[in-house]
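> Chain by chain, the residues:
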Amino acid sequence: ETGVTQTPRHLVMGMTNKKSLKCEQHLGHNAMYWYKQSAKKPLELMFVYSLEERVENNSVPSRFSPECPNSSHLFLHLHTLQPEDSALYLCASSPGRQLGEQYFGPGTRLTVT
Amino acid sequence: KQEVTQIPAALSVPEGENLVLNCSFTDSAIYNLQWFRQDPGKGLTSLLLIQSSQREQTSGRLNASLDKSSGRSTLYIAASQPGDSATYLCAPNTGFQKLVFGTGTRLLVSP
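One line per chain: the protein sequences are Z and R, in this order. For the first sequence, our numbering begins at 1 and goes up steadily by one. For the second sequence, our numbering begins at 1 and goes up steadily by one.
Next comes chain Z alone, as it looks inside the complex (with noise of 0.2 Å):
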């Protein structure tokens, strides 16, 4: 595997059930990032994590939860979702939080019934 990965890519959930979305990078990186991307909206910076610390959390529900267990791997744990959640959830990784480009994992595409 190269590059960022994302699975699953689709995921359907009621909104009682638990789910979680996972993101892992093969590039070294020490900075991982949540994105979501709802219709014809920009993208929104979720959560930060640099050297598996969370370093930023841009005002997002509880019902969001991430977690960052080492460097190369990044969750996304939801539970009692709302259908407003329902987007395109992006995963992306930097070689740090000053410099370099970002690298965008293929996104989880979420439907929340």
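It is worth saying that the hints were derived from the structure and are not from the lab. One or more hints might be untrue.
[Unchecked claim] Calculated pairs, SDA-like style, for lysine to any residue (alpha carbon to alpha carbon, straight line, at most 25 Å):
| no. | chain 1 | residue 1 | chain 2 | residue 2 |
| --- | --- | --- | --- | --- |
| 1 | Z | Lys22 | Z | Ser38 |
| 2 | Z | Lys40 | R | Thr87 |
| 3 | Z | Lys18 | R | Gly41 |
[Unchecked claim] Cβ-Cβ distance ranges computed for the label pairs, FRET-style:
| no. | chain 1 | residue 1 | chain 2 | residue 2 | range |
| --- | --- | --- | --- | --- | --- |
| 4 | R | Thr5 | Z | Ser38 | 15 to 23 Å |
| 5 | R | Asp39 | Z | Thr111 | 13 to 21 Å |
| 6 | R | Ser59 | Z | Lys18 | 38 to 46 Å |
| 7 | R | Arg61 | Z | Thr80 | 43 to 51 Å |
| 8 | R | Ile7 | Z | Leu27 | 26 to 34 Å |
[As the list claims (entries may be wrong)] Pulled a few chain Z residues facing chain R out of the computed Cβ check, cut under 8 Å:
| no. | residue |
| --- | --- |
| 9 | Ala31 |
| 10 | Leu45 |
| 11 | Leu90 |
| 12 | Pro106 |
Don't be surprised by glycine CBs; every beta carbon is placed ideally from N, CA and C.
Place chain R on chain Z using the hints.
Relative to chain Z, chain R alone:
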């Protein structure tokens, strides 16, 4: 608060044309700026990164320019091809890898 505007919102051209996509941002205090392409329902592919000290960056048929003081960047695509059809996004980095995105330019290149 940084705001990003991309013009035009959509563009449809015949194959072979040279194109200019525009990006403007309100806060000129940026560290760098990235251009991405996004195919429908897919993730983002990084095209070019321009550092704040640079004026231009080139990759193949793509050339991006940056005028930080006026809050503008342009992406020039030479000899467009149907495979260039995608949404193009610019994202200035306001520090600590905080990328701020616009809603993009949706490009369609017809054969």
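> Which hint numbers doesn't this structure obey?
Of the numbered hints, all hold.
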